[in-house]
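Participant: Based on the hints, put chains X, H and L in the right spot on chain Y.
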Amino acid sequence: MLTLTLLGLLLLVALGLAAPFLRPHRLAPRLVHGLTGAMALALGVAAAIRLLAGGDVSELDLPFGLPWTGVHFRLDDLSCFFMAAINIASPMVMVFADGYARRQAEPARALAPLPVFLAACNLVLLANDAFVFLLAWELMSVATWLLVLANHRDAESRNAAFVYLAMASLSLLLLLLAFGAVAGGDGDFRFSAMREATERPALATVAVLLAMLGCGVKAGLVPLHIWLPLAHPAAPSHVSALLSGVMVKIALYGLARILFDLVGPPVWWWGVTLVVAGALSALLGILYALMQRDLKRLLAYSTIENVGLVVFALGLSLSFRANELFDLSALALAAALAHVLNHAFFKSLLFCGAGVIHEATHERDIEKLGGLVRRMPYTSLFMLMGALAAAGLPPLNGFVSEWLILQAVFASSSLQDNLPRLIVPLTGAALALTAALAAAGFVRAFGIAFLGRPRSEAAAKAVEPTGSMLTGLALLAGSCLVLGVFPVIGLKLAESAAHGVVGVDLPAGAIGWLFVSPLGSGGAAYAGFFVFLAILGMALGVRAFLGRIWPERRRRAAAWDCGFPDPNPATQYTASGYSQPLRRVFATSVFQARETVDMPPPGDARPAHLEVRLVDPAWNWGAEPVRRAIEAVTLRLNALQFLSIRRYLSLMFAALVTLLLIVAAGQQ
Amino acid sequence: MIPAAISALLLQLLHVALALAAAPLLVGSTRFAKSRLQGRRGPSPIQPYRDLLRLLRKETVLAHDASWIFRVTPYLVFSIMTVAAAMVPMFVLDLPLARAGDLIAIVALIATARFFQSLAGLDIGTAFGGIGASREALIGSLAEPAVLMVAFALALVAGTTALPAIARFVLSGGVGVEVSLALALIAFLIVAIAENGRVPVDNPATHLELTMVHEAMVLEYSGRNLALIEAAQMLKLLVFISLISALFAPWGMASAEDGLDFLEVLAGIAVFGLHLLVAAILIAAVELAIAKMRVFRVVEFLGGAFILAVLAVVFRFVTEAS
Amino acid sequence: MNALFLILGIPLAGAAVLALVPDHRLGGWINAGVSLATLVASLLLLPFEAPDPTPFALVDDFNIYLIVLTSFVAFTAAWFSAGYIAHEVGSGRLTPTYLRFYHAMYQVLSFAMLLALIANNIGVMWAAIELATLTTVVMVSLYRSRAALEAAWKYFILGSVGIALALFGTILVYLAAQKAMGPGMDALTWSQLYAEAPNFEPELLNLAFVFLLIGYGTKTGLVPLHAWLPDAHAEGPTPISAVLSGLLLNVALYAIVRFKMLLTANGDALAPGPLLIAMGLASLFTAALMLYRRRDIKRLFAYSSIEHMGVITFAFGMGGPLANFAGLLHMALHSLTKSAIFYAVGLASQARGSQQIDQIKGLTASHPALGWALVAGTVAISGLPPFGLFMSEFLLITSTFPRAPILGVLLLLGLLIAFGGLMLRLHGIAFGEADGDRRPLTGSLLPVYAHLILILIAGIFLPGPLVAWFQSVAEMVG
Amino acid sequence: MFSTIAYDLSHLAGATVLLAGFVVLYQRRLLGVFRAFALQSLAVAAAAAWQAYSQDAPHLYVTAAIAFLLKGIAAPIALNWIVRRLDIHRTVETAVGIGPTMLAGVGLVVLATLLVLPVTVSSAALTRETLAIALSVVLIGFLVMITRRNAITQVVGFMSLENGLVLAAVGVKGMPLVVEMSVAFSLLIAFILFGIFFFRIRERFDTLDLQSIESFRGERR
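Residue numbers (numbering that gives the first Met the number 0), protein chains in the order written: chain Y, 0 to 667; chain X, 0 to 321; chain H, 0 to 477; chain L, 0 to 220.
If we strip away everything but chain Y, and leave its shape as in the complex, we get (with noise of 0.2 Å):
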């Protein structure tokens, strides 16, 4: 199995190289995508029936990498869950790509990149040292950056590039340093070596800091997110589904791997740190995606919430794991991961919807859209689903694990240590904010840019895009429906992953098919299927039931709006005006959100104006002020470059009497 995946990963590796070559051809963009898709589907499928059989682990040497350790491969529980999340998604983003690629202003610049990418994330999967780690990590990050590069011609996708690609390395030096932490100074890079290790070394606990940090650049975690709304919207739209779907679950892979699993068992503060780090991200994150008129870079900000989310569950199974109430840390655990899953899947659909919408006018601005459902129906319908799954609202599959997260809060008064058993509803209720936002969120995200009439020519002549996309969208939406009304097949999943890292299983028939009750019977549970079926039922019943008895008179008129309807559609309700109150109440202080409204006297003819400006703090208080201060500094260092040759011969007189100096105080 192992071998076999390796040999996948190096097609997919071959098949990028290839693709150069093969781009002049027509039929290049379906070849990749489609070789890729299907390599990627058999991974997934694979790992996932591995993991519900129950494969035991299975490792590999190669003597290639680091001439005197060899390079070292692992296949295990949660890699082989994390490698179906990412596997079974990415194939239905392929099928939409195969459409939507090709319409794009340089689909072979994209094109190469992607089988490696897929190839780099499946191989941190399966990384058992440190080196092979951080290579595939990194060559993840170079491939991603190639990605987002893939319209160079904007400044805008550049910048966002380079800011990717600077925090992508960031990242991999904090790590660099946390494994050389936990190795130690005689630098054994095995994780079986890490895991084995009795005694850690002085700096484990700042090992586990940095590890968290880096892996938290790579998340996109609050405060260390900033790359993250840059590079999505840059991106082509199948690519920013596959960086929410993919990447940033690769690095809350790194982050479960490291704490779960190589730096020994877990300090209470770590678990704390986490469950506050991913509640702030949580909040912050959807709180910015309620503010945001892009609808591409509103999904990026959201993307950080449910981030946020998953690094919150597990930071609360760390804390239970901390505590030894292994049961509960397995069931955060498999909410996280479940959590993970459901993502994939929603986030690619909404991402590649955002693609089919910027295909057909143009435009990221939902102020600028509206009138689409009229337009593109079944675009619209499955968007619909997507933003519901987003919302984590009940049928669909975002619901199930933010559910079981909520369980996973319910149950943390059985925590000992008093910081976390307070500190955790706190976030829980941070959380319940978030869930509520969310649903506020994709309300305005959905019928802002779907409903109510089109607010700009290229939405009135927008068209329904048929064929693959539409197919992929299907797919996607599809399979978040079932997930949602069938949770027990992602959860199952989750569990093993779960039993496979804390070795505990859920309460017995915890996950059945009709029902879901993480605390065993009799505790709460959720019935995906019958809750489905009921309300189906009752609707339709209810139709058919009324239609019997009085058949319905339909007629069509001019909407009522209190008498007085303005055909004017920039008198509808706007995106910023449906925030606006959130925006009061919550945004004021923490992005220093400011409106400055223009009102003209009266008897001026010019339009009034509303101008919002928001800050993201992370940016204002966190990469400004780094690029300010290189500026500064490069300003001035920069006059080294024209000094007369006199300078240059002063300063080596300078280093040469400093050094004589240090010598004679050396030596007396």
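Worth flagging that the hints you see were computed from the coordinates, not collected in a lab. Keep in mind that a hint or two might mislead.
[What the hints assert, rightly or not] Which residues of chain Y face chain L? A few of them, derived with a C-beta cut under 7 Å, are:
(1) Arg645
(2) Leu648
(3) Ser649
(4) Phe652
(5) Ala663
(6) Gln666
Yeah, the Cβ is synthetic: ideal placement off N, Cα and C, and Gly gets one too.
Facilitator: Here is chains X, H and L on its own, set in the frame of chain Y:
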């Protein structure tokens, strides 16, 4: 004797039927009580049935821009509310659907209903729909955390969020008088008021569009669609009241575990009816006592609820720690 | 041993021949041929059982791979230059006479470098390095433009002072050794020196090391002795820039490391590590920050060379098996990568008719093959996988941090800054709308690709003997 | 047997070299600088000759000869000639005042002695003092290079630095390759003088640097 499964099914059906039947009556009696307290005669408690019937018979007028979402929403909202009602124990503890979802699931279902209603509000592309949707979003996003904290407090007390289990626990008198439960109750009441768009958060009887929240969203509806929406709204009120009664005063509920005792069921229904009556009068009294507040005051109102719920949780921890 | 004579003889003979060949195209190819012959000769060393050192020549694990590397890069550079230089004549920047001179000098240069590597005598090594410096000075001034002359002059003056100081250091080493070994040639002979090192006079050794560090450090381009380097790279012919960055810096560094070995062998001497670490970090940070405001593409990569020399010096300063291994690996891979980059840069500046970055903008759009090669090279040089420098930086950082956390963090910071600067400029060079003129590609891309493939392989798999050499040298350097 | 005399003589020569170095540092007029340099070179030549005699190492005579002919005589003449040809005006432009420079020079001498002090005497007769002197001469030469603006003076500084090297080289017993080194250096110096003349560097290296060149760099911000 009837086999358990069949009986359970029958019971569930009875439960749903009762809920559907009781919801308009609840609203009607609230209005009746209100007008009586105001000293008017007021419409009879069964007036809502008449309204609904009339609306159902009327022809439906759709705006030109109304999309399929606009048309689907009433059915969805109505059925979602019915399902939610079906999941809340009213007079019998264990129902088949009561296991289909816990408190959180019910809250989420209600949120789904809100989701669709807001969409419908935005669908026609009128200003008022937008106002309604956005305010609803504000209220909802403030109410939900409060509910969750309440749920948390209950979970801490009863060790679960499954409604029947909580009810059992409260029945078993395992709690006694709990500070946290009291706080939670108050918080939940506030949320209930907000969620159902009652005074002081929203005025169901207002005709001034600018102050509307819920009414503004459904402004464009007519005919049977409106009827369904109204019915859903009434059901929602019922759901919340029955939630309160199930969580904080589940007395007299029949338990289906040991077979079905017909008398018990009857008793349960009677007690539940009593609860509803009390609730109706209380709501009327409250709405008379307080005036509607500005939208941004609502924030503080609901924030208060949230704080209370948090306090409930913290107190619970304190009592446990001692 | 005769292999060694070949290695040194062929370039000299080649120089003599080339001085006589009038036609510059022919000269270019002869030049490449001669270098190829040298390469083959050096490959004869490879089935390698250490020959016992003669007073004249020393071949051990340390310099053997440098010899092979040098002759290899010298060959590819000559190969590249054959196409490149011809075009320079075509565009009228150079005249055939100059070219004859250039080719002869090229061989002299490679002779000098190989001699410096092979010599078993610190005096001879010093002389060889001086010779190399003088030749490169002449090469840098080849274009006779004022900028070129000025660069050459700066290089010349700083270089001469460096040479003088290095010589003083050499004398001091002799003085230090003399106590133990008495007068005579032995006290200048590496192989003897190592044997006797423990009995040297530590104070003199320290003093010597300071002068040697400053002297050869000037050649290595360590900050603050680096001033000549960027201009020399930018104004000279590109093949020479490649040789400078790829080889000459290495040779100078090689000298420094050799002397460091003496100090480590002698117990009582001051630990040279801190000095090296300090200069390494200084170079790293300064060069990294200088990257941000470069407008001239060759100067950009020249600064990146300084940065990498800093990293390598840092590695040797840290010492220990892992760090030294990383340093040696980094030396080899950096010279391969950087020379490849300079080939690509040369082609780019010919294809776009300027060395200014904003003229070259959008290279991947205008010349995909070249552009992507340059991107790959830059990705490699900034230590990203799958290329080899990732491995060396991985080893360096992971081994540094546990031993000296502060230094580890500093190193990381410097690398990050450098990375940012290089990538920022790369975006300007390779991507975006390709306006400005685009001419057909002049030279062959094969040398570039050859180097890239080599470093790619190195990133995944290192051949056993190489590893063995590195490890034993890592032992020696201590 | 006459080790003391040997000691004194070589010491005397060394002292002269150092003194001449200071004079170079002190002189305000170019011709004076040249003379001082010539004196220094002659002293070096004398030292070399004496070492050749006392160590009976005949090849050192060559070094002495080179020092005498090239640096004692040829170089100053060449310098004069260049100064006349390029009519460089005759006063030394100092970047740092004479006084501070002198102080710095003294400081350097102190540093040099400080460095050489711990060296054990036993190593080889008379090396320690020679070494100290040579070191100071080197440092002072360097100091001249960086405190004078004239290209010419800088060259002189470089040459006196190199005098220090020779002094050290000949001072060490049995140092091989001394001749070769001095030859190589004369080559270097020839190059420099040639370059100065070729590039017509009238006043200072600086002119070749910023002011006229920056336009070529494309690096100016």
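Participant: If a hint holds in the structure, say so; if it doesn't, say that too.
Facilitator: Checked hints:
1. Arg645: At about 6 Å, which falls below the 7 Å cut-off, the nearest Cβ of chain L leaves the hint on Arg645(Y) intact, so it holds.
2. Leu648: holds (5 Å)
3. Ser649: With a closest approach of 4 Å, the Ser649(Y) hint holds.
4. Phe652: holds (5 Å)
5. Ala663: holds (5 Å)
6. Gln666: holds (5 Å)
Hint compliance for this structure: no hint is broken.
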